[in-house]
Amino acid sequence: NAGVTQTPKFRVLKTGQSMTLLCAQDMNHEYMYWYRQDPGMGLRLIHYSVGEGTTAKGEVPDGYNVSRLKKQNFLLGLESAAPSQTSVYFCASSWGQGNTEAFFGQGTRLTVV
Amino acid sequence: KNQVEQSPQSLIILEGKNCTLQCNYTVSPFSNLRWYKQDTGRGPVSLTIMTFSENTKSNGRYTATLDADTKQSSLHITASQLSDSASYICVVRGVGGGYNKLIFGAGTRLAVHP
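So the protein lines, in turn, are chains A and B.
My numbering numbers the first residue of the first sequence as -7 and each following residue consecutively.
My numbering numbers the first residue of the second sequence as 258 and each following residue consecutively.
Bear in mind the hints are in silico, worked out from the structure with no lab data behind them.
Hints are supplied without guarantee of correctness; some may be wrong.
What the hints assert, rightly or not - In silico DSS-like pairs for lysine-lysine, Cα to Cα no more than 30 Å straight-line:
| # | chain 1 | residue 1 | chain 2 | residue 2 |
| --- | --- | --- | --- | --- |
| 1 | A | Lys49 | A | Lys63 |
| 2 | B | Lys328 | B | Lys314 |
| 3 | B | Lys274 | B | Lys328 |
| 4 | B | Lys328 | A | Lys49 |
| 5 | A | Lys62 | A | Lys1 |
| 6 | B | Lys258 | A | Lys49 |
Only a predicted model underlies this, so the values are computations on that prediction, with no experimental measurement involved.
Kindly produce the complete structure, drawing on both the sequences and the hints.
Here it is in structure tokens:
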């Protein structure tokens, strides 16, 4: 069982470059999320989606865009990367909210130089 | 402001010993609290969830407690193993819907030495 798969696992960008992080889940979950994890801080929600074709802003959405064209995929885009976006990015999915468990991908370590 | 504070930030113990990790939160109103284990280079994996009415719950060598009155939770690890080396993250959900209600602690980094 693949669960939640993120690509790529590592990436180095130059300031101003763009890139897209791909998240794919095979559990037929409705909800998908993008988080960033920085040293000494808890995971922070960037954007999330409650179903195919929907997206919403989280706690730290500036500088990022997302799309959910297919239920199983959730894309995170950086249009013009900045050093402040150096972080580890995690995608997660769940079938609902409330007490439901979120399943996380392995993460993407992004460095912007 | 809704916050989740975990202590200690890091902990080193010898294999076979027990340890207790703490989580204090100010999230209100409270819905549930979940403990995650995050191995180095991996995503978090859920260990257990505590709802308002639950005081203690075990999952193998992991036992979580919750005191909703004092807004405190603990994760006790018994007879630690090398594979327990990881970060343990406390996550609290507030009431009211919306995924913005999920607040993550910064985690406790546990190292188990032989």
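Status of each hint after checking the structure:
1. Distance restraint check for Lys49 (chain A) and Lys63 (chain A): the Cα-Cα separation of roughly 18 Å lies within the 30 Å cut-off, and the hinted pair is therefore satisfied.
2. Restraint check for Lys328 (chain B) and Lys314 (chain B): satisfied, since their Cα atoms lie roughly 16 Å apart, inside the 30 Å limit.
3. For the hint pairing Lys274 (chain B) with Lys328 (chain B), the CA-to-CA distance comes to about 27 Å; that is within 30 Å, so the pair holds.
4. As the CA atoms of Lys328 (chain B) and Lys49 (chain A) are separated by approximately 28 Å, the hinted pair is consistent with the 30 Å bound.
5. A threshold of 30 Å between alpha carbons decides the hint, and for Lys62 (chain A) with Lys1 (chain A) the separation of about 21 Å falls inside it, so the pair holds.
6. With a C-alpha separation of about 19 Å, the suggested pair Lys258 (chain B) and Lys49 (chain A) falls inside the 30 Å cut-off, and the hint holds.
When each numbered hint is compared with the structure, no violation occurs for any of them.
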